[in-house]
Amino acid sequence: MAGVATVIAAPPAGAATREFWVAAVPVTWNMVPNQFDAITGTRHDPAQTVLGTVVYRRFARGWHHALPNTPDSGNQNLIPGPLLRARVGDKLVVHFKNLDFARRDSHSMHFHGVRYRPSSDGAFVPGVSGGDGDVKPGRTWTYRLTAGRDAAGVWPYHDHSRAMHESIDGGMYGMLSILERTDPLPDREFVVVFASMGDFQTIDGRAFVGDTPVFRARVGQLIQWDVMAMGSEHHTFHVHGHRWLGPGGAPRDTQTVGPAESFRIRWREREPGTWLYHCHVEDHMEAGMIGTYNVSRR
Amino acid sequence: MAGVATVIAAPPAGAATREFWVAAVPVTWNMVPNQFDAITGTRHDPAQTVLGTVVYRRFARGWHHALPNTPDSGNQNLIPGPLLRARVGDKLVVHFKNLDFARRDSHSMHFHGVRYRPSSDGAFVPGVSGGDGDVKPGRTWTYRLTAGRDAAGVWPYHDHSRAMHESIDGGMYGMLSILERTDPLPDREFVVVFASMGDFQTIDGRAFVGDTPVFRARVGQLIQWDVMAMGSEHHTFHVHGHRWLGPGGAPRDTQTVGPAESFRIRWREREPGTWLYHCHVEDHMEAGMIGTYNVSRR
Amino acid sequence: MAGVATVIAAPPAGAATREFWVAAVPVTWNMVPNQFDAITGTRHDPAQTVLGTVVYRRFARGWHHALPNTPDSGNQNLIPGPLLRARVGDKLVVHFKNLDFARRDSHSMHFHGVRYRPSSDGAFVPGVSGGDGDVKPGRTWTYRLTAGRDAAGVWPYHDHSRAMHESIDGGMYGMLSILERTDPLPDREFVVVFASMGDFQTIDGRAFVGDTPVFRARVGQLIQWDVMAMGSEHHTFHVHGHRWLGPGGAPRDTQTVGPAESFRIRWREREPGTWLYHCHVEDHMEAGMIGTYNVSRR
Numbered sequence: 052m053a054g055v056a057t058v059i060a061a062p063p064a065g066a067a068t069r070e071f072w073v074a075a076v077p078v079t080w081n082m083v084p085n086q087f088d089a090i091t092g093t094r095h096d097p098a099q100t101v102l103g104t105v106v107y108r109r110f111a112r113g114w115h116h117a118l119p120n121t122p123d124s125g126n127q128n129l130i131p132g133p134l135l136r137a138r139v140g141d142k143l144v145v146h147f148k149n150l151d152f153a154r155r156d157s158h159s160m161h162f163h164g165v166r167y168r169p170s171s172d173g174a175f176v177p178g179v180s181g182g183d184g185d186v187k188p189g190r191t192w193t194y195r196l197t198a199g200r201d202a203a204g205v206w207p208y209h210d211h212s213r214a215m216h217e218s219i220d221g222g223m224y225g226m227l228s229i230l231e232r233t234d235p236l237p238d239r240e241f242v243v244v245f246a247s248m249g250d251f252q253t254i255d256g257r258a259f260v261g262d263t264p265v266f267r268a269r270v271g272q273l274i275q276w277d278v279m280a281m282g283s284e285h286h287t288f289h290v291h292g293h294r295w296l297g298p299g300g301a302p303r304d305t306q307t308v309g310p311a312e313s314f315r316i317r318w319r320e321r322e323p324g325t326w327l328y329h330c331h332v333e334d335h336m337e338a339g340m341i342g343t344y345n346v347s348r349r
Numbered sequence: 052m053a054g055v056a057t058v059i060a061a062p063p064a065g066a067a068t069r070e071f072w073v074a075a076v077p078v079t080w081n082m083v084p085n086q087f088d089a090i091t092g093t094r095h096d097p098a099q100t101v102l103g104t105v106v107y108r109r110f111a112r113g114w115h116h117a118l119p120n121t122p123d124s125g126n127q128n129l130i131p132g133p134l135l136r137a138r139v140g141d142k143l144v145v146h147f148k149n150l151d152f153a154r155r156d157s158h159s160m161h162f163h164g165v166r167y168r169p170s171s172d173g174a175f176v177p178g179v180s181g182g183d184g185d186v187k188p189g190r191t192w193t194y195r196l197t198a199g200r201d202a203a204g205v206w207p208y209h210d211h212s213r214a215m216h217e218s219i220d221g222g223m224y225g226m227l228s229i230l231e232r233t234d235p236l237p238d239r240e241f242v243v244v245f246a247s248m249g250d251f252q253t254i255d256g257r258a259f260v261g262d263t264p265v266f267r268a269r270v271g272q273l274i275q276w277d278v279m280a281m282g283s284e285h286h287t288f289h290v291h292g293h294r295w296l297g298p299g300g301a302p303r304d305t306q307t308v309g310p311a312e313s314f315r316i317r318w319r320e321r322e323p324g325t326w327l328y329h330c331h332v333e334d335h336m337e338a339g340m341i342g343t344y345n346v347s348r349r
Numbered sequence: 052m053a054g055v056a057t058v059i060a061a062p063p064a065g066a067a068t069r070e071f072w073v074a075a076v077p078v079t080w081n082m083v084p085n086q087f088d089a090i091t092g093t094r095h096d097p098a099q100t101v102l103g104t105v106v107y108r109r110f111a112r113g114w115h116h117a118l119p120n121t122p123d124s125g126n127q128n129l130i131p132g133p134l135l136r137a138r139v140g141d142k143l144v145v146h147f148k149n150l151d152f153a154r155r156d157s158h159s160m161h162f163h164g165v166r167y168r169p170s171s172d173g174a175f176v177p178g179v180s181g182g183d184g185d186v187k188p189g190r191t192w193t194y195r196l197t198a199g200r201d202a203a204g205v206w207p208y209h210d211h212s213r214a215m216h217e218s219i220d221g222g223m224y225g226m227l228s229i230l231e232r233t234d235p236l237p238d239r240e241f242v243v244v245f246a247s248m249g250d251f252q253t254i255d256g257r258a259f260v261g262d263t264p265v266f267r268a269r270v271g272q273l274i275q276w277d278v279m280a281m282g283s284e285h286h287t288f289h290v291h292g293h294r295w296l297g298p299g300g301a302p303r304d305t306q307t308v309g310p311a312e313s314f315r316i317r318w319r320e321r322e323p324g325t326w327l328y329h330c331h332v333e334d335h336m337e338a339g340m341i342g343t344y345n346v347s348r349r
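Chains as they are written, first to last, in our numbering: chain G, 52 to 349; chain R, 52 to 349; chain P, 52 to 349.
These are computed hints drawn from the structure, not numbers from a lab. Just so it is clear, the structure is predicted and the values come from calculations on it, not from any experiment. Among the hints, erroneous ones may be present.
Copies of the same chain look alike in the list, so a pair counts if it fits in one copy or across any two.
[Unchecked claim] In silico DMTMM-like pairs for lysine to aspartate or glutamate, Cα to Cα no more than 25 Å straight-line: (1) LYS142 to ASP220; (2) LYS142 to ASP96; (3) LYS187 to ASP250; (4) LYS187 to GLU70; (5) LYS148 to ASP238; (6) LYS142 to GLU322; (7) LYS187 to GLU320; (8) LYS187 to GLU337; (9) LYS148 to ASP250; (10) LYS187 to ASP96; (11) LYS142 to GLU231; (12) LYS142 to GLU320; (13) LYS187 to ASP88; (14) LYS148 to ASP234; (15) LYS148 to ASP220; (16) LYS148 to GLU217; (17) LYS148 to GLU320; (18) LYS187 to GLU217; (19) LYS142 to GLU337; (20) LYS187 to ASP234; (21) LYS148 to GLU231.
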């Protein structure tokens, strides 16, 4: 039962206002840049793996220049969108600019997990919502969010404009990562988004071992996995050789995540080796939803 | 681990016997009465949205006259079936009459969450079950149920006769809502059943914003959502601008619900605005599984 | 958050090393041996229900002779593979022999829930894994596992070789059942694996009431259900007339289980009768994922 955050009193000591600049940009994206499935040995032709799409991209203050979306990802940092980090009590101000001059669609940002007024909801509902859900090419919108006491965890954000379905299929999603005020920062934070894309089942927009992100850590480090799904399918997240505690405290090593669900896993690493992480839905593994996690000794 | 209700001793003080009269009745049902998807502007022709079906309908004691199925729903109150309310310790006596003189199928009621003897199970198993799972047109059956100490929550009931599959696809399902003896009644109780119906993905038998139930509340009210799924698909329930505590106490705003799963969410409302609630499976949203929740200021 | 088992100190008093002999063997398997769906009365022709496949089979020490895979199952004991029982703190040594001289595929065993070095992972990754993920016909591999403090529960094991997908579709999976050191043994332990197989939806490789396992218990017995799913679909496990406590302590009688997820349910039986247990996904019930559970009086 909810109700924990019924009263938002004065923000906690140290609470900050965090500003982010995020643009929707058209890009050419290759789901299988190595053109190769390292497990089966299958070759994949660029004609089947490259598509034009629109993604979220992080910019420096005032749109000065583009920045990497995600710090610990080995890929080109365009899918998922920027990892937006905050702490409970913070205010988040997200400046969004629609630079989609390719499809010329309206776009938006809709955030899970945080508090906001309807004008920062970002969903397109004719006769109800305003510009927040319908940011036209060349225009901007500022979303004002508060990380309440019930915001600790990881959460999706995504396009919720009229073009929502096509945008999400093309990679217009990202995550919020919100810590309690005194939570230690993890040493490594891995963002895993399960989503289908064309004929492939992707992790962070990439398919097959060697193309999906190769996550790296050392024994002794504090590891955090930020996991979510987008689209129309349920997945089961599994990491080889590791376990964590699920809801209610039962240990597990496989966890269902449906569209727009998300969860955070932490452990202190102590298992050196090269491990697989993957969706355990067999059809999804076969279509690319699998990668490697390399743990080196100290 | 279960076992909490190993001994049913004397019923708690104030426990009641609650009687319900529920009939299976043939009706003509329109999944999209406005013939319109308010978000995309798509028109829907009655030829595709109207079907003949059989539903559960609440009656007054002794079959005197029909009554609304669900108190807080804005729709015609035929799908889902009657919301059956009780408290832990109560006995429920459900008088069921099969008035399906259209398809002339046998029907039944099978209840989740409550205790009963096999003769109140309501499932059709040749050579094992009796009349409880095979109530022929014009006949009645009385189901005798007990809300045990592990019955608090919301639960499905549905047809479990030989025609189960077709009946569930046509809307023959409803919910039990069982409170602890001292739980306060909510000010508003919203019943949300996710189910596919023909080519549409419906909430309470209706598809698309403006056709699905418009739930209404005021700031300060105690809100309860009763959520379940029926049929063959998994869904993710999401409400914009709100969060609740999931199993184990982690806050969430999106929750998977598979066929015959169910959960109850409560919050004290404090977010004025017009909000979307929907299944977050993209294909399901697009096929109608979305509605609005209007919160007015006090 | 994990981290509970950060330090594996000396094994607890009484910890044992448990050895198992498991072979991959080709068999002819009939999904519907009665050729009959007892609920609908439909006949099923062996031409559609019999297939050649490869399964895990338990052997006595030193491959002396074959043994039943699962003690409390009423079926032919070939699908799922051997139920591997241990307690927290134990070491498990699993001797695997590939006797697949029919398809002549490589096979392997990959275990969930337990600790092991990469050489006991059992997954095929070219350039990374060794013989553990690629045991050729006629060869053996020994997997060395530790049931850590976070291993209590039930867990899948399955083929993770290059032939993984075909093997899992054919029934190459089984379960680990790990108790805390002082947990009482259940009186009855029922293994339920949901998996599609050809056109059927099976429980332990069998479809339809009368063909799926008939589980039997008496009032007063301590019952344990070991439930998991394999393949590409999500399921919802339901038992008529019974409830248990889900994660976080909320009572339930229906629970989603996705591919490679697993859970254990225990109750002290007190409900005499013939009950249905089934997957509550309607299409799956109709395709065979349903069985009976018979509880007799003391």
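Right, here's what the structure says about each hint:
| no. | hint | verdict |
| --- | --- | --- |
| 1 | LYS142 to ASP220 | neither (30 Å within a copy, 46 Å between copies) |
| 2 | LYS142 to ASP96 | neither (45 Å within a copy, 46 Å between copies) |
| 3 | LYS187 to ASP250 | neither (29 Å within a copy, 32 Å between copies) |
| 4 | LYS187 to GLU70 | within (22 Å within a copy, 57 Å between copies) |
| 5 | LYS148 to ASP238 | neither (31 Å within a copy, 41 Å between copies) |
| 6 | LYS142 to GLU322 | between (37 Å within a copy, 17 Å between copies) |
| 7 | LYS187 to GLU320 | neither (45 Å within a copy, 33 Å between copies) |
| 8 | LYS187 to GLU337 | between (38 Å within a copy, 22 Å between copies) |
| 9 | LYS148 to ASP250 | neither (30 Å within a copy, 37 Å between copies) |
| 10 | LYS187 to ASP96 | neither (35 Å within a copy, 31 Å between copies) |
| 11 | LYS142 to GLU231 | within (14 Å within a copy, 38 Å between copies) |
| 12 | LYS142 to GLU320 | between (32 Å within a copy, 21 Å between copies) |
| 13 | LYS187 to ASP88 | between (39 Å within a copy, 22 Å between copies) |
| 14 | LYS148 to ASP234 | neither (32 Å within a copy, 48 Å between copies) |
| 15 | LYS148 to ASP220 | within (20 Å within a copy, 44 Å between copies) |
| 16 | LYS148 to GLU217 | within (18 Å within a copy, 47 Å between copies) |
| 17 | LYS148 to GLU320 | neither (39 Å within a copy, 32 Å between copies) |
| 18 | LYS187 to GLU217 | within (16 Å within a copy, 45 Å between copies) |
| 19 | LYS142 to GLU337 | neither (42 Å within a copy, 32 Å between copies) |
| 20 | LYS187 to ASP234 | neither (39 Å within a copy, 48 Å between copies) |
| 21 | LYS148 to GLU231 | neither (29 Å within a copy, 50 Å between copies) |
Violated hints for the displayed structure, listed by number in ascending order: 1, 2, 3, 5, 7, 9, 10, 14, 17, 19, 20 and 21.
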